[in-house]
Amino acid sequence: MDFSLSEEEQSVRDWVRTFVRKEIQPLEQEVLRRERANQPGLTHDVLVELQDKAKASGFWGVQTPEEYGGMGLGAVMSALLEAELGRSFVQFRFGGYADNILYHANDEQKQRYLLPTLSGERRSCFAITEPGAGSDARAIRTSARQDGTDWIINGEKTFITGGNEADFTMVFAVTDKEKGANGGVTCFLVDRDQGWRSEYIDTMGEWGPAALVFEDVRVPKENILGEVGRGFELAMKWIGRGRYMLPARALGACERLVEMAVEHANTRVTFGESIANRQAIQWMIADSAVEIEALRWLVLHAAWVVDQGGDSRHVQSIAKLYGGQKANEIVDRVLQIHGGMGYTRELPVERWYRELRLLRIYEGTDEIQRRTIARNILKGHASISGTLG
Amino acid sequence: MPNIVVLVKQVPDTYSERRLSDSDHTLDRDSADAVLDEINERAVEEALLIKEAQGGEVTVLSVGPDRATEAIRKALSMGADKAVHVSDPALHGSCVIQTSKVIAAAVGKVDGVDLVIAGNEATDGRSGAVPAILAELLGYPQLTHARKVVIEGTTIKVTRETDEGLTHLEASLPAVVSVGEKINEPRYPSFKGIMAAKKKPVETLTVADLGIDAGEVGLASATSTVVEAAPKPPRAAGQKVEDEGDGGAKIAEYLVGQKLI
Ligand SMILES: Cc1cc2nc3c(=O)[nH]c(=O)nc-3n(C[C@H](O)[C@H](O)[C@H](O)COP(=O)(O)OP(=O)(O)OC[C@H]3O[C@@H](n4cnc5c(N)ncnc54)[C@H](O)[C@@H]3O)c2cc1C
Numbered sequence: 001m002d003f004s005l006s007e008e009e010q011s012v013r014d015w016v017r018t019f020v021r022k023e024i025q026p027l028e029q030e031v032l033r034r035e036r037a038n039q040p041g042l043t044h045d046v047l048v049e050l051q052d053k054a055k056a057s058g059f060w061g062v063q064t065p066e067e068y069g070g071m072g073l074g075a076v077m078s079a080l081l082e083a084e085l086g087r088s089f090v091q092f093r094f095g096g097y098a099d100n101i102l103y104h105a106n107d108e109q110k111q112r113y114l115l116p117t118l119s120g121e122r123r124s125c126f127a128i129t130e131p132g133a134g135s136d137a138r139a140i141r142t143s144a145r146q147d148g149t150d151w152i153i154n155g156e157k158t159f160i161t162g163g164n165e166a167d168f169t170m171v172f173a174v175t176d177k178e179k180g181a182n183g184g185v186t187c188f189l190v191d192r193d194q195g196w197r198s199e200y201i202d203t204m205g206e207w208g209p210a211a212l213v214f215e216d217v218r219v220p221k222e223n224i225l226g227e228v229g230r231g232f233e234l235a236m237k238w239i240g241r242g243r244y245m246l247p248a249r250a251l252g253a254c255e256r257l258v259e260m261a262v263e264h265a266n267t268r269v270t271f272g273e274s275i276a277n278r279q280a281i282q283w284m285i286a287d288s289a290v291e292i293e294a295l296r297w298l299v300l301h302a303a304w305v306v307d308q309g310g311d312s313r314h315v316q317s318i319a320k321l322y323g324g325q326k327a328n329e330i331v332d333r334v335l336q337i338h339g340g341m342g343y344t345r346e347l348p349v350e351r352w353y354r355e356l357r358l359l360r361i362y363e364g365t366d367e368i369q370r371r372t373i374a375r376n377i378l379k380g381h382a383s384i385s386g387t388l389g
Numbered sequence: 001m002p003n004i005v006v007l008v009k010q011v012p013d014t015y016s017e018r019r020l021s022d023s024d025h026t027l028d029r030d031s032a033d034a035v036l037d038e039i040n041e042r043a044v045e046e047a048l049l050i051k052e053a054q055g056g057e058v059t060v061l062s063v064g065p066d067r068a069t070e071a072i073r074k075a076l077s078m079g080a081d082k083a084v085h086v087s088d089p090a091l092h093g094s095c096v097i098q099t100s101k102v103i104a105a106a107v108g109k110v111d112g113v114d115l116v117i118a119g120n121e122a123t124d125g126r127s128g129a130v131p132a133i134l135a136e137l138l139g140y141p142q143l144t145h146a147r148k149v150v151i152e153g154t155t156i157k158v159t160r161e162t163d164e165g166l167t168h169l170e171a172s173l174p175a176v177v178s179v180g181e182k183i184n185e186p187r188y189p190s191f192k193g194i195m196a197a198k199k200k201p202v203e204t205l206t207v208a209d210l211g212i213d214a215g216e217v218g219l220a221s222a223t224s225t226v227v228e229a230a231p232k233p234p235r236a237a238g239q240k241v242e243d244e245g246d247g248g249a250k251i252a253e254y255l256v257g258q259k260l261i
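Residue numbers (full-length UniProt numbering), protein chains in the order written: chain A, 1 to 389; chain S, 1 to 261.
Think of the hints as simulated: they come from the structure by calculation, not from any bench. Fair warning: there could be bad hints in the mix.
Said to hold, decoys possible - Computed footprint of chain A on chain S; a stretch qualifies when at least three of its residues, placed anywhere within it, have a C-beta under 8 Å from a C-beta of chain A:
hint : segment
1    : 72–82
2    : 89–100
As the list claims (entries may be wrong) - Restraint ranges, calculated between C-beta atoms of paired labels, are given here:
hint : chain 1 : residue 1 : chain 2 : residue 2 : range
3    : S       : A129      : A       : Q10       : 50 to 58 Å
4    : S       : G108      : A       : D45       : 47 to 55 Å
5    : S       : G215      : A       : E263      : 41 to 49 Å
Cβ coordinates follow ideal geometry from the N, Cα and C atoms, glycine included.
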């Protein structure tokens, strides 16, 4: 069993670490200031500038296949890079990304949607959740009715990440009520100028998702992604695209947060002694260190199973659940160690505290992950002895 | 087409806490992350700029423990062609003169060297003497604290920047140049460069390979050693001046009191 990184893996990881330290962390104060003035922390222009800079060194399209000019990196490497990016709360991501299901587009659709998304000219959003269908995605009611060769979409989507900025959406609608999620849901690529509108949803985070409203939005059949009735499979494919990436980002955040806590503990003196000498503080540091270590290997192991091409759903659920839970416990301890300062907006701790809360909700709540894990174990789809059997 | 050797050193990361070991006051290499010294990244960058404009070959040379391969690999992934790594336990605790002798012997192993580029001062030892000693040992002209380097045929022109001002130097190759902070902005290695670095040749040598007796190097025969080390005392708390409309005057008063103005 080898837990070490290859030379290349280490160099690629170190590259991102340096990039974050030199290019992204220096922006943090300004990003905080802007967010606190209710402006987008990282403006699109600055994001593109950073992405271009990374691209000049070939860091573009981390998982995008090489035939599309990407780096074509595997899951383990991608998780390592994501953890490095997570060390800053600045919402940086490398350019050259497109939703995995856009690769299922036909050639003509690839020209219109996939390639411009990769190049950054177009922006997508993925819309399945509805006011009446979240965890239970099979309960969606947005409908698409055939009219000649066109389809007419009606319904409302909610909590759609990127929905305010997107110029097209991958929307899931019921095309056969009888069949529902079993062959009756279809995915449509719909441009904003074809008639849907978005409404900003204010959240406890620094950025808000959108509600998307479809009122008799007419789209030609050329805008169907994949086949009529096969949409639900695409939706599951999108959700399963890399669940390990969410706890990977949280892992980086936890590392940075505990580093901040350690520094504070070592410098803050109360009752004539550094608080780092108090067992109460030491135990918080120790528990966090243990959980970060466990999280690191859960994430990398899940990514490793993805790279092996096996069924990774179970291990990804485990990593996602553990990451969501522990990241929230850790940020809470880090805030506690900082005392009153942790509660202020001088430091980014409270910001992370709010942001990390989302991890327990989106892309499968804690409860839904537990449901998946329990079912796998109870039905014998997964072994309690893990992948070693 | 200049044949360039760049001296690189792996140093403890300035972002982490750095310490000397308790036993012999040499650098405690385990206490901090080790990285390619940033000033060396600038030295590599300068060599690559010259190579890109005029052709030639860039060899990186490092004297350091096995772990220094990481720093060497970084330089190779930036675009250097090959490397020489002198690694020998006997080197532990070597002084600047011993180190320079080893570097000089290793430079001699590279055929037809036109130019040696170094950083003017490493961020760990900060003696800033190696480039000059090396030039002396090799019998090459030394052009230190370079802000700008121009190569024209067999002539090298350097703008030297020190606190006193700018000096324009000219010498004929081969020569030793040391570069300052302002010489350039080092590039990030490219993803392709990182992948290619592993295949680039790295020659590893011991002091014996260089024809140097192990007794001539290392702590026991060093010309200078650290006798004692103490951490810097924490900075004393500053003095706060309340501005009640007379802040400027109070600050001036303080500065006069400190004999600063
Ligand atoms: C910021 C943000 C961004 C999002 N981005 C997107 C996006 O881009 N695209 C998209 O389509 N959706 C997106 N979502 C939606 C997200 O995936 C859903 O909010 C999530 O799946 C939960 O659904 P819900 O909100 O309807 O909660 P519900 O499903 O109503 O759940 C309510 C509570 O009941 C629990 N629960 C539900 N069912 C069970 C059960 N069977 N057993 C036990 N407990 C259960 C849940 O865990 C939860 O605690 C986003 C959400 C947020 C908050």
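Status of the hints after comparison with the structure:
By the rule of at least three residues with a Cβ nearer than 8 Å to a Cβ of chain A, the coverage given for the segment 72–82 of chain S holds, with 3 such residues. Counting residues of the segment 89–100 of chain S whose C-beta lies closer than 8 Å to any C-beta of chain A gives 0; at least three are required, and the coverage claim is violated. For the pair A129(S) and Q10(A), the supplied restraint of 50 to 58 Å is violated, since their beta-carbon distance comes to about 32 Å. Between G108(S) and D45(A), the C-beta spacing of about 52 Å keeps the proposed range 47 to 55 Å intact.
In this structure the hint that G215(S) and E263(A) lie 41 to 49 Å apart at CB holds, the actual value being about 44 Å.
Comparing the model with each earlier hint shows violations of hints 2, 3; every other hint is respected.
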